[in-house]
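Trainee: Protein chains in written order, with the numbering used here: chain A, 59 to 508; chain B, 1233 to 1536; chain C, 115 to 419.
Everything labelled a hint here was simulated from the structure, so no lab data went into it.
Cβ atoms here follow ideal geometry from the backbone N, Cα and C, with glycine treated the same way.
Some hints could be false.
With beta-carbon atoms standing in for the labels, derived distance ranges [said to hold, decoys possible]:
#1 A/Ser161 with C/Phe167: 16 to 24 Å
#2 B/Leu1299 with C/Phe231: 19 to 27 Å
#3 B/Val1323 with A/Thr97: 39 to 47 Å
#4 A/Pro369 with C/Leu201: 26 to 34 Å
#5 C/Asp267 with A/Gly357: 48 to 56 Å
Not everything, but these chain C residues come out facing chain B in the computed CB check (under 10 Å) [unchecked claim]:
#6 Val143
#7 Phe150
#8 Tyr163
#9 Leu164
#10 Phe167
#11 Ala220
#12 Phe231
#13 Ser363
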Amino acid sequence: MTTEHTRRLRRIGAVVATGMALSLTLAACSATGDTGAETGTASDIEAALQEESTITVWAWAPAVEDIAAAFEEKYPKVTVDVVNAGTGNDQYIKLQNAIKAGSGAPDVAQIEYYALPQFALSDSLVDLNDFGFGDLEEKYTASTWGSVNLDGGVYALPQDSGPMALFYNQAVFDQFGIAVPTTWDEYVTAAQQLHAADPTKYITNDTGDAGFTTSMIWQAGGQPFVTENSTDVTVNLQDEGSKKFADTWNQLIEGDLVAPISSWSDEWYKGLGDGTIASLTIGAWMPGNLESGVPEASGDWRVAPMPTWEPGVAASSENGGGGDAILKQSKNKLAAAGFLEFMNAGEGTQISMDAGGFPSTTADLESDDFLNAESEYFGGQQINQVLVQSAKDVVPGWSYLPFQVYSNSIFGDTVGQSYANKTDLNEGLIAWQDAIAEYGNGQGFTVTSE
Amino acid sequence: MALEQAVKASRMSRYTRSRSGGALQKRKSLVLTIVMTLLLVYSLLPLFWLLVSSTKTQPELLSSFGLWFSGEFSLFDNIAQTLSYGDGEFVRWFGNTVLYVVVGAGGATLLAALGGYGLAKFNFPGKRAVFAVVLGAVAIPGTALAVPTFLMFSQLGLTNTPWAIILPSLISPFGLYLIWTYAMDAVPTEVLEAARMDGAGEMRTFFTISLRLLGPGLVTVLLFTIVATWNNYFLPLIMLSEPTWYPLTVGLNQWNSQAQTVGGDPIYNLVVTGSLLTVVPIVIAFLFLQRYWQSGLAAGSVKA
Amino acid sequence: MTTLSLSAKTGAPAPRRQRKRDWSGWKFVGPFMVVFALVLIAPVIYSIYLSLFKDQLIGGNSFVGLANYGQALSDPKFWESIGRVSLFLVVQVPIMLALALFAALAIDSARLHLSSFYRIAIFLPYAVPAVVAALMWGFMYGTRFGLVGNVNDFFGIDIPSPLSNSWILASIGNIVTWEFVGYNMLLFYAALRVIPADLYEAADLDGAGTFRVIRSIKLPALRPAIVIGTIFSIIGSFQLFNEPNILQSLAPNSISTYFTPNMYAYNLSFAGQQYNYSATIAIIVGLLTAAIAYAVQISGSRKEV
């Protein structure tokens, strides 16, 4: 569209709006408080926070509302408008649309680690080095910092993290005399034992989930996605780690040993409560969800380290979790930066933890209060001991694709078919790899498929 | 004088025509009643499930038999929770939906009435082009036009405002068609000629005389546009990023998916109760309007 | 939609008044057309424009002529989705229309107790938003805790999951049938109501039985309504989106991102940011839908002879 045309459209828009006499203030509200500054030091940020302004934050994490309230109390001149624009992918779609349209994006947005490269690459996010946030590195765990630090730029401050652990229903394990598995081979054995003893019970549920699969490959030491010079992508979903996972998981799928229940469905919550699903290998943020979603199983669940591939060699990976980024469209980047720092490097981290988030800040992770907290839901177990250890054991060197959001959306079309037909997962992974390569090349990347 | 007679004549002719079909007295058939009852059960069963489910608490909802009441009767508790959850956002969404229906469906009916009437009763340059353009554009799937529409609206500053929902719902090609076929007969040309002889302008004639004659057709169109706007899901989903302006459909789906997050709160009982509360008003609107509108629909289908 | 059938009529003796160059009709049609131009024509034109370009994440925007169309016509995913909705069309639409026809005839027959109650009750599902309908059926389709699970437990049988690969299309067909049987029934019923009473009287004098009346009076009178119902259903089938899209979270492996052409176009643009290719798909689907609907319209009116 030519600019001439655009201007005409804008004018028509103005006429329509005034003519119909309905206020459009909402559309305009993100444009208030324009300070114009693109970069700044700590004192610039502090100065900006003493001026009247409004920033819009898109986040679905419930804690953000409380963090914003605390922030407004500390900086009364800044209004923080927290908007739940949808959970995960729903929000990314809206964010992507606003970026494409050139307006309408918030100042700050919650973005999960797996989706971050996509937004960073499309030049939609501010490099936080502009505000000197690169110095905050030491505050965070290595794996979360590694997730926001892409090609030398820092595109988000980590908010929570999801080092994986094995959550299991001890009542069910005890009832059938099943020992807590420490390796994946033991896990498969436990699955067989449980399902043989009671065919209505399963060791876990799985209908194919891109986030879970990539985390499992990560733990197995796989590095299927490698990006160099931001456009040269190598995909290898048949590397050693990927194969290790697929071969082990094949035994569960082909043997009907996992419940065909999709995570997060109503059946899933139900299954977690009545023992149908006896364990979950999932991120450290899960306790909060169990407490609110499965209150009837209080006291039954326990946490153990994630089973490993090599006996006795501790290893884990991250599952979920994310940070918050500043959008290039923001007209109030200094205040946005101030809020970001407050939320993810300051007082906000405690509020987030209180709401059930698992922190990414080492000081919080290592505080005695946190480590020694006994969870009533988990029968008094000091679950954070296990979870924090997992954060330390995360296998380094992992990276996501610069178009992971789309790739994950077609996981069901490819790997999901292996689940549905109970066929070799390796075939599904190869199909996924082909689809990823096709898409990437179509988008102008140079994708090498190995 | 001439005018009144013509109006009366036209009404008379419609009455005689719409005398009912197989209305001669017949014996009732038990077999037919039984077969139709099966169809009835099929139609009502899911709604019954919805009703029963909204009387259950969240745990009962998942653990009890779906088609009968179980546990404590918590319908009112659920309704109270639904209305108050998230600072009463359900009520806000309800208000939005009503706004979209009143302005959107009302406006769509008015535009369709004007347009259909114009097509039926006037011959004007470009009339054939109007047909061609309306026909051609309607066949393109609306969902697929979402992105271009979104990008355009965003240029106009309309996204994230009620206008992004209202403007597209102002267009009802089916309504245009229905009024067009209906107006052909319902508004006799003699009536218009008579009005002209009395010296009335075209617009005045339309609003004072024709609109009344179009009554049943208008109610029919109104009903369809009400359903369309009340049930509108896709357009608001992409046009609105802030829940402030959500209609019920999008809000409910957001509630449904909010179990899927860290610290998320599964509220399936509220989703179910909210669905019930969403269905009830439109059902009432239906029952209220249905006696008016059948003849309008008949005109449409007979003429095709 | 039904407006498709207008084309046959535009040549008909519509002009009642013979003024020359009379623009006053535009006063009435104008407002509709202005809004129509803004919300439908402009996006269509913009889509056509978009379909001639290719915008990449890396490398930017470039003019590619008709290359997107070439790609779509040889895209197996696109054809798979077209095949799927065609199958849906061929199976679901006749079943739904037959049910609706039966119900309309039954209600019109005057042989039914409480016929107006049946009429309203069967029509009610049409008022239920597609989102709510899909949520409701989604809950009920559950084999563990849903209604299907209840039935399995109660009778000790094993109904296959309605959300599995092989049943999902039928399950969606069921939802759509449930939603629209009543609507089509009313369309047919309304047409039956305006059959002149003297036709029935004549049939009665002839001693014609119920089925003969149906065959020689009612069905011919219903033909235009059936044509309309069919055209509507064709467009509906090709635009299938809400139901599969909402069920997808429950059945991620059964409902692919290219399950229907509309879902394909949606996922291409919203998840994959392939706005140009998506616009191309939309235009091809639109042309295809129009062509099929038009063919039905033609053959429907031919049979009338």
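Trainee: Compare the structure with each hint and give your call.
Mentor: Structure-based check of each hint:
1. Between A/Ser161 and C/Phe167 the Cβ separation comes to about 21 Å, which falls inside the hinted range of 16 to 24 Å.
2. One distance hint, 19 to 27 Å for the beta-carbon pair B/Leu1299 and C/Phe231, holds here, with the actual separation near 21 Å.
3. A beta carbon spacing of about 44 Å between B/Val1323 and A/Thr97 agrees with the range 39 to 47 Å that was offered as a hint.
4. In this structure, A/Pro369 and C/Leu201 break the distance hint of 26 to 34 Å, their C-beta atoms being roughly 51 Å apart.
5. Checked against the given bound of 48 to 56 Å, the beta carbons of C/Asp267 and A/Gly357, roughly 27 Å apart, lie outside it.
6. For C/Val143, the suggested interface contact is upheld, since its CB lies about 4 Å from the closest CB of chain B, less than 10 Å.
7. Interface hint at C/Phe150: satisfied, since its Cβ lies 5 Å from the closest Cβ of chain B, which is below the 10 Å cut-off.
8. Interface hint at C/Tyr163: satisfied, since its Cβ lies 8 Å from the closest Cβ of chain B, which is below the 10 Å cut-off.
9. Of the supplied interface hints, the one on C/Leu164 holds, with its beta-carbon coming within about 6 Å of a beta-carbon of chain B, less than 10 Å.
10. Interface hint at C/Phe167: violated, since its Cβ lies 12 Å from the closest Cβ of chain B, which is beyond the 10 Å cut-off.
11. Interface hint at C/Ala220: satisfied, since its Cβ lies 5 Å from the closest Cβ of chain B, which is below the 10 Å cut-off.
12. Interface restraint check for C/Phe231: the shortest CB-CB distance to chain B comes to about 8 Å, inside 10 Å, so the restraint holds.
13. This hint holds: C/Ser363 has a C-beta 7 Å from the nearest C-beta of chain B, less than the 10 Å allowed.
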